[in-house]
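A.B. asks: As given, the protein sequences belong to chains A and B, one line each in that order.
Be aware that the first sequence starts at 1, since it is given in the numbering used here, and climbs by one per residue.
Be aware that the second sequence starts at 1001, since it is given in the numbering used here, and climbs by one per residue.
Read the hints as simulated data drawn from the structure, not as lab findings.
Take the hints with a grain of salt, since some may be wrong.
[What the hints assert, rightly or not] Which bits of chain A does chain B cover? Going by a derived footprint, with three or more residues having C-beta under 8 Å, they are:
no.	region
1	12 to 23
2	83 to 94
3	211 to 221
4	243 to 251
5	474 to 484
Just so you know, these numbers come straight off a predicted model, no measurement behind them.
Glycine residues also receive a C-beta, built at the ideal position from the N, C-alpha and C atoms.
There are 2 protein chains.
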Amino acid sequence: MRRSIATVSMSGTLRQKLEAIAVARFDAIELFENDFIAFNGSASELRAMTEDLGLGIDLFQPFRDFEGMPDDAFQKSLDRAERKFDLMEALGAPLMLVCSNTSPLALDDAARSAAQLHALAERAARRNLRIGYEALAWGRCVRLYGQAWKIVEQADHPHLGLILDSFHTLSLRDNPAGIAAIRGERIFFLQMADAPLLAMDVLQWARHHRNFPGQGQFDLENFFLQVLLAGYAGPLSLEIFNDQFRETPNRRTALDAMRSLLLLESQVRARLERERERDTAVASPSRDAAAHTLQRIELFDPPRGPALEGFSFLEFGVDDDNAEALGTLLGQLGFARAGRHRTKTVTRYRQGDIQLAVNAEPASPARARFDAQGPSVCAIGLATAEPLQAASRAAALLSARHESPRGAHELQLPAIVAPGGTIVHFVPSAGGAMLDADFVATPGSTPAPDAGLVGIDHIALGLAQDQFDTWILFAKAVLGLQRGESLELADPFGLIRSSGVANATRSVRLVLNVSLSQRTRTARQVSATGRAGGGVQHIALGTRDIFATMERLRGNGVRFVPISANYYDDLLARLDLGEAAVRRMQSLDILYDRSPTGEFLHAYAFADRFFFEVVQRKAYDGYGAVNAPARMAAQEQNAESTKK
Amino acid sequence: MRRSIATVSMSGTLRQKLEAIAVARFDAIELFENDFIAFNGSASELRAMTEDLGLGIDLFQPFRDFEGMPDDAFQKSLDRAERKFDLMEALGAPLMLVCSNTSPLALDDAARSAAQLHALAERAARRNLRIGYEALAWGRCVRLYGQAWKIVEQADHPHLGLILDSFHTLSLRDNPAGIAAIRGERIFFLQMADAPLLAMDVLQWARHHRNFPGQGQFDLENFFLQVLLAGYAGPLSLEIFNDQFRETPNRRTALDAMRSLLLLESQVRARLERERERDTAVASPSRDAAAHTLQRIELFDPPRGPALEGFSFLEFGVDDDNAEALGTLLGQLGFARAGRHRTKTVTRYRQGDIQLAVNAEPASPARARFDAQGPSVCAIGLATAEPLQAASRAAALLSARHESPRGAHELQLPAIVAPGGTIVHFVPSAGGAMLDADFVATPGSTPAPDAGLVGIDHIALGLAQDQFDTWILFAKAVLGLQRGESLELADPFGLIRSSGVANATRSVRLVLNVSLSQRTRTARQVSATGRAGGGVQHIALGTRDIFATMERLRGNGVRFVPISANYYDDLLARLDLGEAAVRRMQSLDILYDRSPTGEFLHAYAFADRFFFEVVQRKAYDGYGAVNAPARMAAQEQNAESTKK
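Isolated chain A (complex conformation) (with noise of 0.2 Å):
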């Protein structure tokens, strides 16, 4: 399909947001007003401009207020309509966007506006332009589809048809399902949205919270296939309000743009498909219209993402001295050294299933990194049976390939660039074999008293507040997570939202934290990573006995973040556990949560940029955020008794 994009979603000047939408290589752009009204050049210029840059410029927006008018304020309108008409003209755009009417003085008169209508579609018609009409959310007397839709049938004019926007119509909870039966060249124009559900004032919701497809909670795979069942054909298009995309980078906010829309057209592909490949011998009218979709229109096709099975390793950027205190830390968290590589400065530990590696190699990837951020996570290994074809999944969705060096005998594994810079490698199912390849055994190094440390139950980011739609939708499209619940945490100095994204097995699983606030340790954390904004905060290990695992790692001298006696009093009287439990976790700084299907133990240890977590994970799938405010205000008072 042809791609577009409106230039409101963009930050920056005119001239900026063209350039961006050229690069993610969008075919159009909607033409927002106000971007040509506060522009520095003229219509023929911009016309220049875009064609230069290989773009069309599909829809000109909005016009407002125009239908439905008492009839002078409606002759006022076509005088102003005729003057945009030669800016459209100048421009080369051939469609205009009229939005259902806000204005007080509108008539609640549907063969008025109708009329009216018609006759702005009589004069677009003298000069070949189009008229698209939109039901707006909060229009005075039309904000439905289906409104809409009839007073376009009434008008009955061939210039004049529906714009359709998943906004609106999701927005209001209105069935979309009536799409279908609306004929596709009577559809002029389709703009997506998604947006996260919030409970506030439509207009304040479209205004501040849109985002692209897939970073939302609408759904668009559903509304899409509907104007497609319609037989529409013409551009897919994104018109995004948000204050976020107003000041991220907007390089970034187009690959976004663009790959939330691959995403979609890939997803609603393979719902046609397996709509197609239904029992043949049945007759089935919906199977044949997916058939005839399919053939009709061209939809994003990128390779299955393969399964993801689990972490396969970790790997940490450092410098000599930091990679002596890491190895000391993890010795004393039980880990093994499990070898050295046979080529760089790299040490590898292991503890059960757990591979972390520690790569102080100068002049590399992790070095860089290093002398960016200081210690930190440069790259997170991930298994699957078929890495070749989750790096190729990747590469369609527009992440960045990412080659290492690689010497002789040494594994190739395909990788690619997670937003904000961490690798990532697909590594095979039997890789924790494979990656012997790599390192030769120390000789030498005695194993370390295993403290019963499993697996990587979890890592949390912390990011900064513009990289978290980003993620959202590079989490969901590169790497096949779904997004679980998003929570609020009040840290001693601001809120963070927290969000966990997994795949179905809940053996990779992601949190993501952003700080609302300025001043809390996340977002301290945040911005020494510059640039990147953000990266790995911390990695949760899991055991299958967390009092036997604490007792362990308290005797090899791990320290862990003190949790309030208070704390335990709470637990004491909010839940019957049983004073002797309690008090064992209290002994141990453990945190305790229940759900209505099992429960979470965990402990935090101090480390340096990063900490770690120990979990205790039973039949319980979220990570513990009730105990976040705690653990958040334990560091605080801890730092603060440091200090004096």
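For this one, chain A is given, so just place chain B on it according to the hints.
C.D. replies: Same frame as chain A, but now just chain B:
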């Protein structure tokens, strides 16, 4: 009255919160339970700490999901309560807040709720503790104070009373008039919160957007009045959940909190006094009630704020180089060099009623400001008939006094420090003449030709987000300004929230601009002021004939922000101004807005860190916000083309 604040209203660890609250001279706190749970000390340690700081713990809050429960849950809750009573005894906290139940298990059965609260009060009574019951706006069955009061009446226990919270009542648009009929001693506690009027889910509104009295849009004066008329004599407390306050330095928050209570008390006091002074010849129960209340309750009584008459002068802090550059620009703007200060390196410029002082005195506060922030407005003079009284009211409302070093024969102007460090001088009405005392005419300086600028129309400040509520309250309480409309303006790199504050005669107007993004020009300017959190961003100078003024200024070589030709084409399409008038505006880069009552014409001159606006105002009360996007984009595009 006894003044209190909930610990949840402040940023920091509990220890830090208490210190800030004590410094602002509160009498007591409401202890938010989560703050205690996370506190790294025992209840008796906390009690000792608050006693050392002179703070009582007047309320322990909240105890949730208690009343109206099935029997088994009720029994468990009683056990939970006993543990919290233990804690309250150790803390020395006499009163527990029970908020109306939000659990899906809660039964809509007032008799059951009353019986269960009676049982709880009976347990509390054994320890000489008390229970206050509060209606949460999002309670499952009980949402209004009237419902809560009926249950308290029905429960009929001396250790059970009502807790009132203005947010819960006013957010639901419930009428507080009924409060006056409740016996005052049955009201155990009073929580005040203001909020901006937002069309959103009440729980989200409550948890993120409350603010201090005077910072929002509720009628708190009337709410408080009803409570006083009821005969309430307990603490006046603040319970504020606000995302900004969670990160604002807590000393400032505590000061704002106290200022808001002082203002509220003084407003209600004035209202009661007006009522008391009504014609005594006629019997009036409301007059008697007012007189009785004033006798019974101690309410803050600051000096009355005198009327402000206008801007008397602005002072810029610069070094020698910048003094020269600014002097050149002021000359081009039509200002005459009107003298040098008797003892300091300060030059005075005049035009019409405008007086500007350019201060390059080494080791002065003005220079300190320059050293920290670059060229900036360091002081503002406001004309009033009673400068001393203005300063004395400001001091009573917690503004710091500013004492400047003064030479012989120099004028002493009472001065205060505005938030962020700008000095505000109160200047006698005949200030122009009086300032003459400080300055000697510079012989030989030929007056530049006047450009028709007659006065300071308004000053716009760029503020950090967390300074906005602080400024609103300062403007209201200390300067007696009233808040106008709040608008959101699109800069190419994010939204700007812009709010006017002005006095009744409109002779003093300030515009408070806050960038919601980190990347706008406003955000960059604010961030350059460091810890000050902002300062004067532009100065709007009024003319009675903007065309003549602009022609003169252009002739003098002043550079104005170039406005896109597209802006004028759109103006022609939108408004029936006539081609000639619009093209004349275009030739001079004049922007235009129209209101139902009048017109506004304005243009923007470039300067270094702040800029000058030339405005002609005709029976128009706004600031041309509709034109801000075109102006901000023009500034950005100008910077872009300068870079090339």
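A.B. asks: Mind checking, does the region 12 to 23 of chain A have 3 or more residues with a CB under 8 Å from chain B?
C.D. replies: n = 5 at 8 Å, threshold three: holds.
A.B. asks: Okay, the region 211 to 221 of chain A and chain B, do three or more residues pass the C-beta test at under 8 Å?
C.D. replies: violated (count 0)
A.B. asks: So is the region 83 to 94 of chain A in contact with chain B by the C-beta rule, three or more residues under 8 Å, or is the coverage claim wrong?
C.D. replies: holds (count 3)
A.B. asks: Holds or violated: the region 243 to 251 of chain A covered by chain B, criterion of 3 or more residues with Cβ-Cβ distance under 8 Å?
C.D. replies: holds (count 3)
A.B. asks: Quick check: the region 474 to 484 of chain A, covered by chain B? Criterion 3+ residues, Cβ under 8 Å.
C.D. replies: violated (count 0)
Hint violations for this structure: numbers 3 and 5, all remaining hints satisfied.
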